[in-house]
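Engineer: Two chains, two frames, a set of hints: combine them into the complex.
Protein chains in written order, with numbering that gives the first Met the number 0: chain X, 0 to 402; chain D, 0 to 43.
Quick caveat, the hints were computed from the structure, so don't treat them as lab data.
Ideal placement from N, C-alpha and C gives every residue a C-beta, glycine not left out.
All clues given are correct.
Cβ-Cβ distance ranges computed for the label pairs, FRET-style:
{"hint": "1", "chain 1": "D", "residue 1": "His9", "chain 2": "X", "residue 2": "Leu58", "range": "49 to 55 Å"}
{"hint": "2", "chain 1": "D", "residue 1": "Leu26", "chain 2": "X", "residue 2": "His22", "range": "20 to 26 Å"}
{"hint": "3", "chain 1": "D", "residue 1": "Phe15", "chain 2": "X", "residue 2": "Pro251", "range": "49 to 55 Å"}
Output of the computed footprint for chain D on chain X, the stretches with three or more beta carbons under 8 Å from beta carbons of chain D:
{"hint": "4", "stretch": "27 to 41"}
{"hint": "5", "stretch": "56 to 65"}
{"hint": "6", "stretch": "232 to 241"}
Short, incomplete list of chain D residues facing chain X, as computed with Cβ under 8 Å:
{"hint": "7", "residue": "His9"}
{"hint": "8", "residue": "Leu18"}
{"hint": "9", "residue": "Ile21"}
{"hint": "10", "residue": "Glu30"}
{"hint": "11", "residue": "Phe33"}
Each chain is listed here by its residues.
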Amino acid sequence: MGDSPENHLLHRTAAARVLAYPHLTAGGLAAVVLIAAAVAFAAQGQRSAQAAIHRLAPLLLKQKDRGIVLQRAAYREENLLPFYGSSELDRPVRFRASDFFRAYPTGFAIVPVGEPGYASLLELQELAAQGDELRGKKLVITLSPITFHQNQRGYAADFSPLHATATLFSMDLSFALRRKIARRMLTQPKSLEHQPLLDFAAWRLRRNKATEDLLYCILIPLGKLQYAILALQDHWATREVLRENQSPAQTPSPQVPDWPALVAEATEECILLAGDRPFGLQREAALFPHLRSNDEYRRTLHKSTEWKDLELLTELLKELGACPLFLSYPLNGPYLDSLGIPRSSRQLYYDRLQKALHPFQFALRDFQDHDNDPYFTNDSQDHPSAKGWIHFDQAIDAFYHAN
Amino acid sequence: MQISSRPIVHLILLAFYYLAIIAGLVLLYGEGDFTNPPFVYQDF
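Bound-form chain D, shown alone (with noise of 0.2 Å):
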């Protein structure tokens, strides 16, 4: 069987495949941080 020959199909893996890249840039970078700079909380 020929991919290009079945369009629906290279759809679908198409789909597949840029959802795998979305989904890999957002387990890259998509934790998100919460953490804030050291407060010095007296300073006189």
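Just chain X, same shape as in the assembly (with noise of 0.2 Å):
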């Protein structure tokens, strides 16, 4: 009856043999409670963030654009819209969709995501960080003409360690695709320079060598958890601004708006705004060097790796099952006609898009039938002006309540 004595040798054998290790039990004990206290802080840090997420949709916050976990809490609220673009979300321009879009007007806000310099290799590892979070779920990229001829000029300066870790040991993708995003990441040694990690697992990857992707396959632990932590720390961040930011979400406002009245009215400021300025400019242009002849336009825009970083993108979207709405900005016509870029050269660009575009039937607007609409933008950057935002909107809101 009870504790046979052969039983009890037993619990006392096992007992002991875990007390003759007591730093390693003791190590291994703290270990775990902190596995779970760090479980519960990223679960708790998830919640919050999507308690928090309408109050914070409409603004441009660096943690949004660097960190994980406010773009996953917007991706899981129906009624939020993730727009991807650059410095054009950061210019007070009337009608900007952040601005349009605030109060809910037709049931929906944007959630913008970007800096100045952001392109598409930058936005593909955004993307692969939020891996099956996009099945199925919609969003806005922009795509700015001028970046089509400055290659990766902001990457450095924007490159995310979290995103990148998250890309190059992503289970979501595929093998092939972290292969060709390794070989884009290697382009930019400098952004590698203080990742010893994501750089020795970029160059197994390149080398598409059985040995070489066996050491790959052998760092991926080690590769989670360098993603675990950084997303740790991106929790803690993400505590930090929701600390900072407590102004109260804006109440949703549901209006009808009259397209035309709205385009009438943003045409008729930006008139205004151009004054004297010829070809719509609301400042003094700057002479970019693929702006200087029509041949530099022409190379340049044929040379250029963001159409190789698109492909990139677009391929991503498509394993991860997203459903993408391309917006590119027109070119300004008059402006590069006087500049000497004829609409046939122009005319490259917009076939190239749809032709890069087309295979994976995604939306797109490129607005080419404004090429020759000198108040679509605003500058020589191809910046929106207050009517190429609202074409925009029209775009983003036919999208968001299109099956």
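Structural biologist: Below is the structure:
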């Protein structure tokens, strides 16, 4: 009856074994407690971000761009639409999408994500970090023609180790796609200067040899550990952001936009703001290198690495099952005509864009029918004016409500 | 009471000790750096 002498002996032996290595056992216990605390912290952090995302949605926050938590919270809300752009996001122009949809006029709000210098290679890492969260979800991505003449100038400044780690060690992406992305990342060595694990993993992937692939696979647990640490840091930083941004969420204010009237209003404003400046420009024109001659324009457009990155971005979106809308600004035809860059050269951009996106059957609005409209953009960097934004808003609204 | 004569208590205290070390390291070095070098947007 009760514990047999054999069982008693077994328990005493097991306990003795544990107590024979007190430091190891204590260290293991401490690690288990820490991991449990980290998991609980991350879960609570995501819940807090979810509860706060509507009041943070229209704000331009660095943590939203550099992290994962806030974007993930946005994707989990039906009436929030992530909008990936670059410098146009932080210019206070009337009818800017984040402002236009702030009060959920047609049932949803925009979540702007991006910083000056953002282009496809950064955006694809940002989206890869969301992984399966993107499946079946709508999002908007803007494309600026100027980025197809400037090869990744903003990359190192906007590089996120968290996104890069999530991308290179993502199990949601095919091996082939990870390899292609690694090759592109290695063309920006400055960004990997202080990232030894990422650099090592990218080189292993790049080489396309069985032994190198095996080495990469051995690295995966280490990559996942690095990702977990960076993700916890993201949660911590997001906590600070939530504490600093306490203003209440906007109350929804439904209305049916009168698009023709809004376009007319925006056009009037653009004419006023342009004043005496020709070609609808609202600031002094900056003569970028690619605008100096028609040959230079065609050469830089043809050779741009942005096309390769756009291809990777579309492959990634396809693999993750996302539903994007691509919005491209049109070129300022009258201005470029004055510089000796004719429509036939500009058409190369529109045609190549259509060709790049057509195989994936993603929604695209390139507004090339506004190529001769001097008021769509307001400077020589293709930033949208009020008129440009209202057209964008209309396209975004139609996209959100389409099946 | 001597801790050495109560191995379970010793183990628990050791576990707290290691937890304190790890927690201290996390507090000292755990905060991430999400800043980046400034980007000169235009250079022409």
